[in-house]
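Those protein sequence lines, which keep their order, are chains A and B. The numbering used here puts the first residue of the first sequence at 1, with every later residue one more than the last. The numbering used here puts the first residue of the second sequence at 1, with every later residue one more than the last.
Quick caveat, the hints were computed from the structure, so don't treat them as lab data.
Each pair may be met inside one copy or between any two copies, as identical chains are not told apart.
Straight line, CA to CA, 20 Å or less: simulated EDC-like cross-link-like pairs of lysine to aspartate or glutamate: (1) K293 x E264; (2) K293 x E268; (3) K350 x D249; (4) K293 x E245; (5) K225 x D366.
2 protein chains.
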Amino acid sequence: MPLPPEPFPAALERRKARWETFGDYRYLRLTDDFRGLPKGTLAWQERLIPGYPRIGRIFRLEQGLAQQFAGPFWMEEKIDGFNIRIFRAGDELLALSRGGYVCPFATDRVPDFIPQTLFTAHPDLVICAELAGPDNPYTQGGPSFVSEDVQLFVFDMMRLGQAGFLPQAEKQALCAAFNLPVPRVFGRFSPTDWRQVLTLVEELDATGREGAVFKEDAPLGHRTKYVTAWSGVYDIAVRADDTVELPGDFFTGRILRMALYLDEVGRERDAGLERELGRAFLAGLGRSVERFKRDGRVAHDFRCRFRRRKNALAFMEHLRAILGHTHIAQRRLEEEGGYWVLEFEKEVPKLTGLLHQLFRGVSILD
Amino acid sequence: MPLPPEPFPAALERRKARWETFGDYRYLRLTDDFRGLPKGTLAWQERLIPGYPRIGRIFRLEQGLAQQFAGPFWMEEKIDGFNIRIFRAGDELLALSRGGYVCPFATDRVPDFIPQTLFTAHPDLVICAELAGPDNPYTQGGPSFVSEDVQLFVFDMMRLGQAGFLPQAEKQALCAAFNLPVPRVFGRFSPTDWRQVLTLVEELDATGREGAVFKEDAPLGHRTKYVTAWSGVYDIAVRADDTVELPGDFFTGRILRMALYLDEVGRERDAGLERELGRAFLAGLGRSVERFKRDGRVAHDFRCRFRRRKNALAFMEHLRAILGHTHIAQRRLEEEGGYWVLEFEKEVPKLTGLLHQLFRGVSILD
Chain A
1 MPLPPEPFPA ALERRKARWE TFGDYRYLRL TDDFRGLPKG TLAWQERLIP GYPRIGRIFR
61 LEQGLAQQFA GPFWMEEKID GFNIRIFRAG DELLALSRGG YVCPFATDRV PDFIPQTLFT
121 AHPDLVICAE LAGPDNPYTQ GGPSFVSEDV QLFVFDMMRL GQAGFLPQAE KQALCAAFNL
181 PVPRVFGRFS PTDWRQVLTL VEELDATGRE GAVFKEDAPL GHRTKYVTAW SGVYDIAVRA
241 DDTVELPGDF FTGRILRMAL YLDEVGRERD AGLERELGRA FLAGLGRSVE RFKRDGRVAH
301 DFRCRFRRRK NALAFMEHLR AILGHTHIAQ RRLEEEGGYW VLEFEKEVPK LTGLLHQLFR
361 GVSILD
Chain B
1 MPLPPEPFPA ALERRKARWE TFGDYRYLRL TDDFRGLPKG TLAWQERLIP GYPRIGRIFR
61 LEQGLAQQFA GPFWMEEKID GFNIRIFRAG DELLALSRGG YVCPFATDRV PDFIPQTLFT
121 AHPDLVICAE LAGPDNPYTQ GGPSFVSEDV QLFVFDMMRL GQAGFLPQAE KQALCAAFNL
181 PVPRVFGRFS PTDWRQVLTL VEELDATGRE GAVFKEDAPL GHRTKYVTAW SGVYDIAVRA
241 DDTVELPGDF FTGRILRMAL YLDEVGRERD AGLERELGRA FLAGLGRSVE RFKRDGRVAH
301 DFRCRFRRRK NALAFMEHLR AILGHTHIAQ RRLEEEGGYW VLEFEKEVPK LTGLLHQLFR
361 GVSILD
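Isolated chain A, as found in the complex (with noise of 0.2 Å):
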C-alpha cells in the first residue's frame, strides 16, 4: 500500500484520522479538521478527496451580502438533503457522506442518477451533490417538491487530489453535456443587487424552498447561505420530537432567523408564519406523545429503496456502527417495484425516557 498523502501521517498520529473499510477498501477519513482541510477528507489510496467546506449562514441579506462578497457571486438554490461526493474507484462509483464514510445507501443508488460515461471521460472528478427526498435514511423530511423516493443534484465539482472547486462554466457545462440534475442556478449577482436576490428568495419562501447558497467563482472563493422563514418552520415541524435531544438553540436559532427575515422583508407580522411555527411544535411534540403512549417509546420512522439486498444489509451494519447506542430496528426489508424497500426504526432515547418519567408522575425541579 503506498503512504497516504499529507497531512495523513502528522494526522494519524495526532489522532484526528481513522482507517475506515468498505468491502474491500481501507482508507483514511479526518475525524476533524485538519491543517485547513475539512472533517471528512479522505485519503483514498495516494488520492486525496477534500471534504465538503461547512459554509456559514448570514441572517440579514443587505448586510451580510455586502459583508461577505467584494465582487460577484453565484447565486443558487440551497435543497435540503444530505451532502454526497460521488467519485470513481476503480470501475465502480462510491459516494461519501460528509463525515466521509462511504454511505452503502448513496453508493448504491448512484447510478440512478450519474452517468458512468461522465466518470469515463473525467476519471478524476469528484461530483459534489445534495441526495434529498422523503425517502432518506438520515434526516426527517426533505424538499417540498420530492414528493418519493430521492432526488440528486449536483451543485459542485472538484478533482481527485486538488484543494477547491471548478469554475461554474466548466461545472455547468459538464452537467449540461451529461445531463446531471442540478438546483436551480439564479444567476451572477452583486452585493448591491441585494434586493433583486431578496425578491428571489421572498419566491422561494412563498413556494416552500429551503433558501440560497452565494458563490464566488474561484476555485477557494467565498460562500455563505441564507435560508427562508418556510425553512425555519419545516425544520421545527419535522424535529419538534427531538425537542429534548436537540441543543435548545437549534429551535430558537431558527425562530430568530425568522423574526430577522420578516424584518428585512418589512412584514411586520405574518398571522400565517405564526400559526405554522406554532403548530410545527405542538403537532410535533403531540405525535410523539401520542407514539409513546401506544408503543412505550419515541421513535423515527425511515423508509429507503436500495438496487441491491446487500447494499440495504450493508447500510443497517454501518448505522449501527456509527449511531453508537441509539436504538436502530429494521422493520422490513422486501423486494417491491424493482428495488428492495427498507424500513427502519431509530429510537429518541432522551424523550422517551423523560416521557417515561412524566407519565409515571415523577415531579422534576426546573
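Knowing the structure of chain A, use the given hints to seat chain B on it.
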C-alpha cells in the same frame, strides 16, 4: 454579636454562606443548599429563617398527583410574581428575596399590604408571599388580573427559627383575622379527585391564570405544582427577547408541558394555542429587533413604585450588586401620586451582541 445558629458556622467554613448587610443590619445567607436547608436560608442574629423550598413540577395530573401524594392535599392558585419572606426586625418589617437578600423594593412596599398589628400579635411570624404585577423590578410581565403596580398574595407562614410551615387551618385563620390578601384556595382533594382538579386547571387556563400548587397539610409536607398551557405561552411571549440569553430548554420545556397538557385534557389540536405560541416567539423577537434598530441595543424596561425615595436608590444599588456586569441604567425617579416612581433599563447583552454581528453581515457557522 451572638454566635450564628447551626449550621451556619460550618456553612461559612465551606463557603456556602456569606455575610450581607442591609442598612445597619448584618446577616448571613446560605448561597447554596446546605445540610437540608435551601439556598436563601438566613441567620438573622441568633435566629434562623428557613429558605423557601424549591417545588417540583408535574407534567401529568392523573399520574402526578397519584405518584406525589399518598393522602389528601390542598390546591391553591399559583401566582406569577416573585417569592418573598416577610419578618419583623426590631420595629420594622423586612422582606427577603428567594435568594435571601433583604429586598429594598419589597421591604418598602410591604406596609401597603400587611398590617403591623399582625406582627405585634405574632412577633415570630414569617410570611411567605408572592409580590406580583406589571410594575415589579425583577420579572417581565405578571398576572393578567393585576393591571397595574403590584399586589401581594400570602400563601404560607412559618415561624422564626422553626422548620416547616404552619398548618393550613392556622394560616387561613390568621389571614382571615388580619384581612391578608391571599391567592384562591380551591380546597382539599385526594389523588383520585384528579378529574375535578383537571377541571379547575382548565378554568385557570381559560382565564389566563398560571396554575396551581398542591400541598400536603403538614409542617414539612410534600408539595408539587402544575401549570396551564396558557402560562407556557405567556412565559415565552414575555421572555422571547431573552432567547439567546436563556438555555434553549427554557422554551422547549414549556412546549413539552403544553403538548402533554393538550394530551391530558384530550384536545387533539388547539388552533388558538398554536397561533398564540407562534406569535409569542415572533412578536417577542420582532420587538427586540425593532429596539435594536432604534437604540443599538436590546434592553428590558422596568418600572416600579416606592413609598420612600431612599429605598429606590438602595434598590438600584442592590440590583447593580447582584447583577454584576449586566448594564443597568436608571431612567427616571420622580414623585407621582404619592409614590416615587422608578424607571430603569436592563440590557440584554448576548442578544445585543449577536444582533450587532448579524446586522454587520457576519456569517455564522451553525
